[in-house]
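K.L.:
These are the residues of each chain, in order.
There are 8 protein chains.
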Amino acid sequence: MDRKQIEELLEDVRDGRLSVHEAVERLRHLPYEDIGFAKVDHHRQIRCGFPEVIYCPGKSNEQIAQIMLRLAPTGHNILATRATPDVFENVKKLTSLEKLRYESPARIIVLEQAPADCETGSIMIVTAGTADMPVAEEARVAAHMLGQHVELIADVGVAGLHRLLVHLDKLRKANVIIVIAGMEGALASVVGGLVSCPVIAVPTSVGYGASFEGLAALLAMLNSCASGVTVVNIDNGFGAAYAAAMINMKIAGK
Amino acid sequence: MDRKQIEELLEDVRDGRLSVHEAVERLRHLPYEDIGFAKVDHHRQIRCGFPEVIYCPGKSNEQIAQIMLRLAPTGHNILATRATPDVFENVKKLTSLEKLRYESPARIIVLEQAPADCETGSIMIVTAGTADMPVAEEARVAAHMLGQHVELIADVGVAGLHRLLVHLDKLRKANVIIVIAGMEGALASVVGGLVSCPVIAVPTSVGYGASFEGLAALLAMLNSCASGVTVVNIDNGFGAAYAAAMINMKIAGK
Amino acid sequence: MDRKQIEELLEDVRDGRLSVHEAVERLRHLPYEDIGFAKVDHHRQIRCGFPEVIYCPGKSNEQIAQIMLRLAPTGHNILATRATPDVFENVKKLTSLEKLRYESPARIIVLEQAPADCETGSIMIVTAGTADMPVAEEARVAAHMLGQHVELIADVGVAGLHRLLVHLDKLRKANVIIVIAGMEGALASVVGGLVSCPVIAVPTSVGYGASFEGLAALLAMLNSCASGVTVVNIDNGFGAAYAAAMINMKIAGK
Amino acid sequence: MDRKQIEELLEDVRDGRLSVHEAVERLRHLPYEDIGFAKVDHHRQIRCGFPEVIYCPGKSNEQIAQIMLRLAPTGHNILATRATPDVFENVKKLTSLEKLRYESPARIIVLEQAPADCETGSIMIVTAGTADMPVAEEARVAAHMLGQHVELIADVGVAGLHRLLVHLDKLRKANVIIVIAGMEGALASVVGGLVSCPVIAVPTSVGYGASFEGLAALLAMLNSCASGVTVVNIDNGFGAAYAAAMINMKIAGK
Amino acid sequence: MDRKQIEELLEDVRDGRLSVHEAVERLRHLPYEDIGFAKVDHHRQIRCGFPEVIYCPGKSNEQIAQIMLRLAPTGHNILATRATPDVFENVKKLTSLEKLRYESPARIIVLEQAPADCETGSIMIVTAGTADMPVAEEARVAAHMLGQHVELIADVGVAGLHRLLVHLDKLRKANVIIVIAGMEGALASVVGGLVSCPVIAVPTSVGYGASFEGLAALLAMLNSCASGVTVVNIDNGFGAAYAAAMINMKIAGK
Amino acid sequence: MDRKQIEELLEDVRDGRLSVHEAVERLRHLPYEDIGFAKVDHHRQIRCGFPEVIYCPGKSNEQIAQIMLRLAPTGHNILATRATPDVFENVKKLTSLEKLRYESPARIIVLEQAPADCETGSIMIVTAGTADMPVAEEARVAAHMLGQHVELIADVGVAGLHRLLVHLDKLRKANVIIVIAGMEGALASVVGGLVSCPVIAVPTSVGYGASFEGLAALLAMLNSCASGVTVVNIDNGFGAAYAAAMINMKIAGK
Amino acid sequence: MDRKQIEELLEDVRDGRLSVHEAVERLRHLPYEDIGFAKVDHHRQIRCGFPEVIYCPGKSNEQIAQIMLRLAPTGHNILATRATPDVFENVKKLTSLEKLRYESPARIIVLEQAPADCETGSIMIVTAGTADMPVAEEARVAAHMLGQHVELIADVGVAGLHRLLVHLDKLRKANVIIVIAGMEGALASVVGGLVSCPVIAVPTSVGYGASFEGLAALLAMLNSCASGVTVVNIDNGFGAAYAAAMINMKIAGK
Amino acid sequence: MDRKQIEELLEDVRDGRLSVHEAVERLRHLPYEDIGFAKVDHHRQIRCGFPEVIYCPGKSNEQIAQIMLRLAPTGHNILATRATPDVFENVKKLTSLEKLRYESPARIIVLEQAPADCETGSIMIVTAGTADMPVAEEARVAAHMLGQHVELIADVGVAGLHRLLVHLDKLRKANVIIVIAGMEGALASVVGGLVSCPVIAVPTSVGYGASFEGLAALLAMLNSCASGVTVVNIDNGFGAAYAAAMINMKIAGK
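If you're matching them up, the sequences are chains W, P, D, Z, A, C, L and V in order.
Quick note on our numbering: the first sequence kicks off at 1 and runs consecutively.
Quick note on our numbering: the second sequence kicks off at 1001 and runs consecutively.
Quick note on our numbering: the third sequence kicks off at 2001 and runs consecutively.
Quick note on our numbering: the fourth sequence kicks off at 3001 and runs consecutively.
Quick note on our numbering: the fifth sequence kicks off at 4001 and runs consecutively.
Quick note on our numbering: the sixth sequence kicks off at 5001 and runs consecutively.
Quick note on our numbering: the seventh sequence kicks off at 6001 and runs consecutively.
Quick note on our numbering: the eighth sequence kicks off at 7001 and runs consecutively.
One chain only, chain W, in its complex shape (with noise of 0.2 Å):
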């Protein structure tokens, strides 16, 4: 039951077409659905521009390409994360989409009909590690498409202090930082200790024996001394992304 539906509602009230406790009734079984009309957001995540966002581990290509020709038409951007080159290639063949693009090592694809019109705010990515890349790519192509300023600082790990601290000036420009680090992960509570904006921190899988495929990263940034640090999902590049960018759009007043 849309607006109008409920507008024609009232109409048969007003002319005495419907009696009151007849609408009451029907009102009394409108579905949630239409009460989204009032409030509910259906669209949360496209505001100004934010794209559309498909997961696509655990669905077949065949899945991953249907979602996407269904939200082409919306003429909004699309992003499909955690893809393989092979769905990539298999996406393409059965979208025929052309403009369909794959950014390799973040592992998106892409779909970009529109610029990204809320660029309003601007994200330090900080990796330790090289191998921590695909995950801060994955953050960097998110945030892009997010409509940020992206700038990354990458193989700074806290081993090798001096090539973090001459980063200082730009790190304490920051709105945002994400922070991304495998292993012990400590470069979330040093860089939370030497700026003073939100940071939001990437345990990655990187590692190996008691690393425990990232555990050993979550838990130190769990446990950061750093008052300020936020913590996501082992491997999140996204999810980090997208809260900076939420962060960001607050900044902006949007």
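No lab work stands behind these hints: they were computed from the structure.
Only a predicted model underlies this, so the values are computations on that prediction, with no experimental measurement involved.
Each residue gets a CB set at the ideal place from its N, CA and C atoms; glycine is no exception.
It cannot be assumed that every hint is accurate.
Residues from chain D shown here face chain C by an in silico Cβ test under 7 Å; the list is partial [unchecked claim]: (1) Leu2071; (2) Ala2072; (3) Ala2154; (4) Ser2189; (5) Gly2207; (6) Leu2222; (7) Ser2224; (8) Ala2226.
Think about it this way: if two alpha-carbon atoms lie no more than 20 Å apart in a straight line, the pair counts; the simulated EDC-like pairs of lysine to aspartate or glutamate are [to be verified]: (9) Z:Lys3004 <-> A:Glu4025; (10) V:Lys7004 <-> P:Glu1022; (11) V:Lys7099 <-> V:Asp7086; (12) D:Lys2173 <-> A:Glu4025; (13) L:Lys6004 <-> C:Glu5022; (14) D:Lys2092 <-> D:Glu2062; (15) D:Lys2004 <-> W:Glu22; (16) D:Lys2170 <-> A:Glu4025; (17) P:Lys1093 <-> P:Glu1103.
For chain W, the structure is supplied; the task is to place chains P, D, Z, A, C, L and V on it using the hints.
P.N.:
Chains P, D, Z, A, C, L and V only, in chain W's frame:
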């Protein structure tokens, strides 16, 4: 070696009282401490009235009192978190600080010496159940002392969705939302799906059995299907308040 | 906005005191709360005399007493679970409720104000050992207060199979069986293999060492080779009773 | 020793062909097998057409085929769960069973020999995301083969609450609801809070990082704040369907 | 229905007082209990004087006393394990059993009513450190009450190998060896590599930090590179003694 | 330095060809190896035909072949456990040992050079399900090569208790029972409660989800409520067979 | 049998008082103990004044006192670690040892009977926070009693990097550094990256929630991206001091 | 800004070409990088020929090749650890570096450009089993490239103690011992108890089931009852070699 000393050194060089070689040697032994004069912000936490914070567990009453007495003359506000009533009584006696007060459910000792002057933002705290209140109070008191407007919506766990939805307007107007929940921690995902602002999730140790002291809620929050949710340590109300305050400060352009 | 207010709104539309456009706007701001009048069943748990339930841990005596006093006037039965004798004494004093009684091994405070009137089904509770009795009693008292016939077969762990098998007829006649066991939790699988009714397994924290506070029994029950066994949280006698009561209500067509 | 043999034994006693002492001795060695004639229901799973079930992993194609061929002559329906397409092809060849078919996303080999004749109840399956579909399909096919009416509501995760709420009426009419969700598993609690029927929660291994192969969802579901939710093993769609079918059979008085 | 009743039933059939059909029906309802007369050994643990055993934790003093009083008239020896001194005092008062004694480091209440009469074997108990003594004493007292010869070699942890090797002859002569060790649990592997008899390893909760309450020792013992080592639960001295006694009984041909 | 060399040394001392001081020095450097002549039994595993055992994983085909060729001339039987068919093919080629054979489900390469001559005991292997067969076969082949009589009762999981009980007599006659089960591992407790002989439990990695690769079964078996059950590592069929053989050797007085 | 006894044995052989055969037999029964005369260093820990060490937890006051009294006459220094003040009071009374003193934050009972005489090296102890002091003190007192020069830099956690960097010169001059940190344990990596000497990391149980009693710090330290960091058990200040002292002894050529 | 630039700045001040104020400003913006000229040792790892090290996993062949080519002109030795043969082939092609060689069991790509010139110490590597060899080889090759004398004692697990004890003299002469063991990791404690030098323990992922990929060995080594044992990450042969080399360098006074 502070700025003044460096100026004097340079003046000595300028005036020929010190050779270039000798000056290089002295700068070479410049302790990092002094480098601070240039860029290290020793007092990150004191910006616009941010309080000094003492984490009590593992410290003796004497140690807490000593730190308190050392910090008091700065005129800053001081918080001592996770303090038992007993610790408060002892610290009060040991310090003889008249203004020391105890925020009881929050378990924070407060020395409020100056009004927080960075009242920039507003934070909404949402809790799942009554048993989450100590953590919520820790967040509320901390946020207040960090100069934030705070509002609290209590006891709106997902098993009674209507209790949450009635607050939807308030939630949608918030700058930042802190969601505090134990047991299965589902509230973070539900709130995260309803709003477009940053959500900071605090798992609590409320629960028993397979909650494993908050682990269940922690994992649930880290795996939130709602993008934009970030997480802090179990029961870390203070940390969530701090991160939220940082976001608000950025929004206020500080 | 309750049903009456909506009727008035519709009458205003009918009688021309309110334009259709204005009425749509008002409905548009209809808080979710009010939607409840239509479909949200605020009082799910009160159907045919289901008691109100307060989970005590993490709540102060004052909070428990307050909730108790707020709920008492509804005339419903009230349960406060996981209450220590000490909590009971305090809550009794704070509320001055004469009828408040304490079910000791079950650790439940009961305010029985009306006979449970949905006595529809029968539940069989089976325990592995004497140490499982507090959990079994929690389930038994809760099921009784939920209006169920309950029977208890105690101390029939799988190491003495004959003790269990002698009750086979009773087991086979039950509508629902709640199996309560700690240590290796094997009883759930054995019972599950002997009967054709739904079996709800409750792992208990009975055991030591590698029982890891009930984890061993929990995992065993989740991996039961007997189809049809479902599991609740460790020591969650109440939850098992509640789920069993729901099944019985469905059987009774309520 | 079946009923007939025991009758003969008793007749021999009656007719003096066997002494009482000898008869006692023979009964004393009565294998438990035979006791079954009295009370052990060997064929628990075959009641009113319940299918025979083979769990494939860990069994060779030859073993699956052999069991299939041994069970086929009973005329019962047969399910082989968790079968890969490759296993199906091999088992088909090895058994030469024409009617063997493969339910693809459900990963079940079906030999449907007779219509399920206990069509007593109706089960609602609710899933959080597209990636949960294989588990949902396993539950759906299994429930269908167990003679149940099944309905499926897909992709209604809690991050988009409106998608779920639009189905509220359907949910409220169900006898039993199976909730299938990975990641944070919050859907079980939300659904559990909206309905008054038994809810069986199936955590799935959908997710990454701190989902730890479904552990996060499992713990969340076990800690559900909604009373009446019971849980089965990770990805155990079949088990949930079986338990739901048992409840429905009890409702139907079978 | 005991043997006598079955004889009577058969006599009734023989003598024509009972029809074959009726007798079959009665046998059909023969409770499993009675089947025991044939084959179920109700008293597995009482063979040749094996004591009755009560595991105390989770049982109230009253429950322990009741079980004790119920078992005492059998004339068997009775052990109540994991009893605190306080439990002993209370049980002694409640039962008024004069002969009740407390084995202090073993934490066992003993009611010795008859000499153990299956003195068949000899068991060597080896401990790594002084802190393992309570578990060792539990094993020693239990083994003694099970009628075994027991010898104890204490404090021969692997960090001082020479202390162990000096006892090599004794170790090589043992029938069964119980190795009790906490911390890294290495003693089981070392002993297992030196002897040719069965080794039962008991991990203890001795240790701290990454010993995780005995988990480290448990895992080490399960992974022993010495073939022939089997393991019981953490701190389960009684269980090890029981298993060792069973081996000895088999050696003695009982 | 063997016994003969020591005799010669002593003879040299006796006959004045060697000074006491020099002899002490030589004895002082007596490698531990040689001490073995006195007490260290280098060949613990070779008693009465015990085979040499090679654990394959982590070793290259070349390494396995080399060890095999080095051991073959001793005339002992040789087992290489956890070998894939591929490893067998390679090792066969590399060693050119004609008699090398592959026990397929057991995954053991066997070089049988002499009949096992310590045929002393009898071992009963009991498995819960078909998927446990590879582990059971590993145990069976190993026990056979260790000179034991072995009998196997397969597929008697606790969900169908009657299938197990029919074998009760056989179980009661066994010297030692090896119980092999995955999933919830309940079979060990049930068997342990029915018999009076030592039970060695082998958890298997059969299962999925919350079985956590055998952890659920392992914990269940360690927490067995049946006294006398000891446990070996997950899937360790060989270890169980070895421990059982040791018990049987003691029973045979070897 | 000491060297002297062996000499006598050889002299008896030389002088014809003992046959070669008899001598072989005696040597054959040479207990391993005696082998020590040749190579086993019974007193590894007493080199150059290394103290005897008693680990208190799990030992009764009586046991500690007995060991103390047995060791005292050797004249060595004695440490009893992890002792509560209460244990100290009791042991003092039980032993009547005047010189017994209690190092309070270190929780060590000290009997200093001789000056440590291997003062060879210098150890730098670095701690992250005030709450790590008990562990640091345990390390400091232990290192002192092991004859080491010790220096302590406290409260230099990575959230305030400048506090650490100001001590860089001192750190660079150390022989060995012990880094003690709880929470996220990042200090070990940061220090490890700044210096070229061995770093021994001690995780502490300081923290809460997801620190899991020191597990987070432990994992972080094991995954340190700074090469050359080794780790000891959680809170094991003594162990770190001991390992550091061993390195220093090697440096000193002892 | 290097030393030269700072000299020039000071000369400009001296000669009046730059005001003191301006010089302070320039120093104020002195990047941390440049501070290095004073104290930060950028090239910690290059001391006396220490090689540059690349950890391969998570890096693409292209990235490894690029880093290799960037480092090669320094003339230092270069190690790329955890490289598969395939990675080696690709990197060799991509870099066209003739001298690149592959150390096969160690999985290290080596570019040896200069003899290691800090041959100061000697390291003993001890392994428990053949399957630990890849980790041992990683340690051996790394130690060799770090300029150390290395010796290897293989296959001396504690189940055959005599195989270890025969090497006691060698062990006692070592400066540092690296103990490499999987399964129960007991070798570290046994070796630690026999020697007086620092022992670095490397748990390996050798094992199965409850070894949990090396967790069992890791925990055992962390809980070693032998003081002085420190631990590195699972399978971290390189890290152990690096730490051992650092100790040796200190011993050599470098």
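K.L.:
Could you run down the list of hints and mark each one as holding or not?
P.N.:
Structure-based check of all given hints:
1. Checking leucine 2071 of chain D against chain C by beta carbon gives a least distance of about 37 Å; that is not within 7 Å, so the hint is violated.
2. A hinted interface residue such as alanine 2072 of chain D counts as satisfied when its beta carbon comes closer than 7 Å to some beta carbon of chain C; here the least separation is about 41 Å, so the hint is violated.
3. Here the hint on alanine 2154 of chain D is broken, as its CB sits about 14 Å from the closest CB of chain C, past 7 Å.
4. For serine 2189 of chain D, the suggested interface contact is upheld, since its CB lies about 5 Å from the closest CB of chain C, less than 7 Å.
5. About 5 Å separates the beta-carbon of glycine 2207 of chain D from the nearest beta-carbon of chain C, less than 7 Å, and the hint is met.
6. A least Cβ separation of about 4 Å between leucine 2222 of chain D and chain C falls short of the 7 Å threshold, and the interface hint therefore holds.
7. At about 5 Å, the closest approach between the beta carbon of serine 2224 of chain D and any beta carbon in chain C falls short of 7 Å, and the interface hint on this residue holds.
8. Annotation: interface hint on alanine 2226 of chain D holds; nearest CB of chain C at approximately 4 Å, less than 7 Å.
9. Simply put, lysine 3004 of chain Z and glutamate 4025 of chain A have alpha-carbon atoms about 12 Å apart, close enough for the 20 Å limit, and the pair holds.
10. In summary, the hint linking lysine 7004 of chain V to glutamate 1022 of chain P is supported, as the alpha carbons are separated by about 14 Å, within the 20 Å threshold.
11. The straight-line distance between the Cα atoms of lysine 7099 of chain V and aspartate 7086 of chain V is roughly 17 Å, inside the 20 Å bound, and the hint therefore holds.
12. Of the supplied pair hints, the one linking lysine 2173 of chain D and glutamate 4025 of chain A holds, its CA atoms being roughly 18 Å apart against a limit of 20 Å.
13. For a cut-off of 20 Å, the pair hint linking lysine 6004 of chain L to glutamate 5022 of chain C stands: about 14 Å separates their Cα positions.
14. For the proposed pair lysine 2092 of chain D and glutamate 2062 of chain D, the alpha carbon gap of about 11 Å is at most 20 Å, so the pair holds.
15. Between lysine 2004 of chain D and glutamate 22 of chain W the CA atoms are separated by roughly 14 Å; this keeps the pair inside 20 Å, and the hint holds.
16. Proximity of lysine 2170 of chain D to glutamate 4025 of chain A is assessed by CA-CA distance (about 18 Å); at most 20 Å being required, the pair is judged to hold.
17. Between the alpha carbons of lysine 1093 of chain P and glutamate 1103 of chain P the distance comes to roughly 17 Å, so the proposed pair stays at or under 20 Å and holds.
Comparing the model with each earlier hint shows violations of hints 1, 2 and 3; every other hint is respected.
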